[in-house]
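Undergrad: Work out the full structure: start from the sequences and follow the hints.
In order, the protein sequences belong to chains A and B. Take the first sequence: its position 346, counted from the start at 1, is 346 in this note's numbering, and no numbers get skipped. Take the second sequence: its position 63, counted from the start at 1, is 63 in this note's numbering, and no numbers get skipped.
Do not take every clue at face value.
DSS-like mimics (lysine-lysine), calculated; alpha carbons at most 27 Å apart, straight line [unchecked claim]:
hint : chain 1 : residue 1 : chain 2 : residue 2
1    : A       : Lys158    : B       : Lys77
2    : A       : Lys160    : B       : Lys111
3    : A       : Lys150    : A       : Lys160
4    : B       : Lys88     : B       : Lys111
In silico contact screen, one side only, chain B against chain A (beta carbon under 8 Å); selected entries [stated by the list, open to error]:
hint : residue
5    : Asn12
6    : Asn101
7    : Leu102
8    : Leu106
9    : Glu121
10   : Pro124
Some residues of chain B that are not near chain A, with every Cβ distance over 10 Å (derived) [claimed, not checked]:
hint : residue
11   : Ala37
12   : Gly53
13   : Gly58
14   : Ala60
15   : Ala66
16   : Thr80
17   : Gly92
18   : Ala105
19   : Ala115
20   : Asn117
21   : Val122
Everything labelled a hint here was simulated from the structure, so no lab data went into it. On a predicted model such as this, the values are computed, not experimentally measured, just so you know. Quick reminder that beta carbons are idealized off the backbone N, C-alpha and C, glycines included.
Next come the chains, spelled out residue by residue.
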Amino acid sequence: MDEVERTFRHAHGQAVATLARIFNDLSLAEPAARDAFATAVDRWPREGIPVNPTGWIVATARNRAVDTVRRAARGRELYEQIAATAPSAAAALRDGGAIMGDDQLRLIFTCCHPALRIEHQVALTLRLVAGLTVTEIARAFLVSEPTMAKRLVRAKYKIKAAHIPYRIPNEADLPDRLRAALAVVYLVYNAGADNRERADLRGEAIRLGRVLDQLMPEEPEVAGLLGLMLLSEARVPAHGGASDVVILRDQDRALWDRALIIEGHDIVRTCIRRGRPGPFQLQAAIQAVHCAAPTFAETDWQQILALYDQLMVMMPTPVVALNRAIALAETSGPQIALAQVDELATDLPGYHLLHATRGTMLRRLGHDDSIRPGRRAGAHRAGAELPGTRAWSLGSLRLTPQPPGTVRVVPDVRHQAAGPRQ
Amino acid sequence: MCPRQHEEFVVNQYLLSLYESEGRVEGAPMTAEEMQAFMARVIALEDEMDTNGTFVFGGALHGPDATTVVRGSDLDKVMTDGPFVEAKEHIGGFYIINAENLDEALSWAGKVVDATNHPIEVRPFRATGRLPSPSDSTA
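TA: The following block contains the structure:
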């Protein structure tokens, strides 16, 4: 991706968000932004990238849209409305910073409105906020370009026809709506984690996570999600280049990205200091402990088990229970953990990680005969995922106060993150 | 219960369709007391809708067996007994409401579900210019 293209992509969300506010109409904002980008493709390589690329895009797009509206038969009224809200291109150039940040939040919450189906939320977010092209999104989700284009048209039609409001949700709705937006971002990250071809999506998800974290610095779950993604990303270089992903136990930890781990650990420490844990923060803390271990054998499984216990209170899903059982096998031996895994088998039929886990536990217990079906079932993913990375389905959980006794996480993580073992 | 028009700001109109399943619905009022409590909830809800201009029109419908399909003006040839779509679920009643946006409409839909125990389909009106008021249709 060249400089012009990257600048575009990064300016896209802000430009569309600002234009959507000016025009109060996404269907007008998006083509206007597209026009402005086309102009930029022509002029930027010759004239250089402007100092404030987003402002340039917004001003150009606004002028284009005003022209379009002027030409339209019924455009008079709309033109007056635009003229009233954004009297000059210069004003659009000036109103950077805070206003634009709010605009972008509005856009994110509109794209992630729960009245839209989840795949539409994801497509809209990638197109409008992240600035990916329809072609890129279609390729990432393995559908044809016309199918993805149709999906986006349908989603935008619903926003307009049903009058999904273009605004930041009110206080009462914010926790639920924020959870929905975070779920979309994590879904994008995991779509990138599932498939090497779609690795770009992980980068986009992290970028969206950073944008949200900047815009909502007071929301600990936003930080938690960003920390979780950074700490997962840190280990990607050790996954290996072949078709089989190298499992955590066998990874060369020297390949882990130290800078990402340090940033992730910082975020987790800040979350713990805040004392308002949530599912993403707990999953990030679990990953923080993994990343703090110099070797698999030195992993602080007691700590991980305690975090899973806390996560089970907030998110009692079978997947979390399975990951807890994996930690239990390390602290209390495979015998007791296996019994719990077997209990989960009915809740997770055909779940690859369950079969892989069962196989590993049986092997450790010396039951070689019984492991074959389990190993085969899990073989295509080889138990590649770390505990916790898949447990993203948050349901309708609410933040709860931190139970006593979990505070001991603080010194441990800090020690391991900053200590000599690093 | 007259329809209210908000002249001072733009309102949108939504159809809230209450879906019923054939046979007994879980939690449906069975006894006279339950029926009374049900009606009290519905009346209270409609009063609440009425006070802030949300209520446009609404009511409960007779069952699918009372339905006739018409396909043209030559009624003998193109009229059939029964609903247009034979289905286990049918619309048992509806509200037409004024709401500023989908969020507000969804919040009213939630209250209707709480009062009636029926799932609701919320659908925006494309055009409501000729929607007759209740007094027009019953006069």
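Undergrad: Now, for every hint given, state plainly whether the structure supports it.
TA: Outcome of the hint check:
no., hint, in the structure
1, A:Lys158 x B:Lys77, "38 Å, violated"
2, A:Lys160 x B:Lys111, "24 Å, holds"
3, A:Lys150 x A:Lys160, "15 Å, holds"
4, B:Lys88 x B:Lys111, "24 Å, holds"
5, Asn12, "5 Å, holds"
6, Asn101, "4 Å, holds"
7, Leu102, "5 Å, holds"
8, Leu106, "7 Å, holds"
9, Glu121, "12 Å, violated"
10, Pro124, "5 Å, holds"
11, Ala37, "27 Å, holds"
12, Gly53, "17 Å, holds"
13, Gly58, "19 Å, holds"
14, Ala60, "25 Å, holds"
15, Ala66, "31 Å, holds"
16, Thr80, "32 Å, holds"
17, Gly92, "23 Å, holds"
18, Ala105, "8 Å, violated"
19, Ala115, "20 Å, holds"
20, Asn117, "20 Å, holds"
21, Val122, "8 Å, violated"
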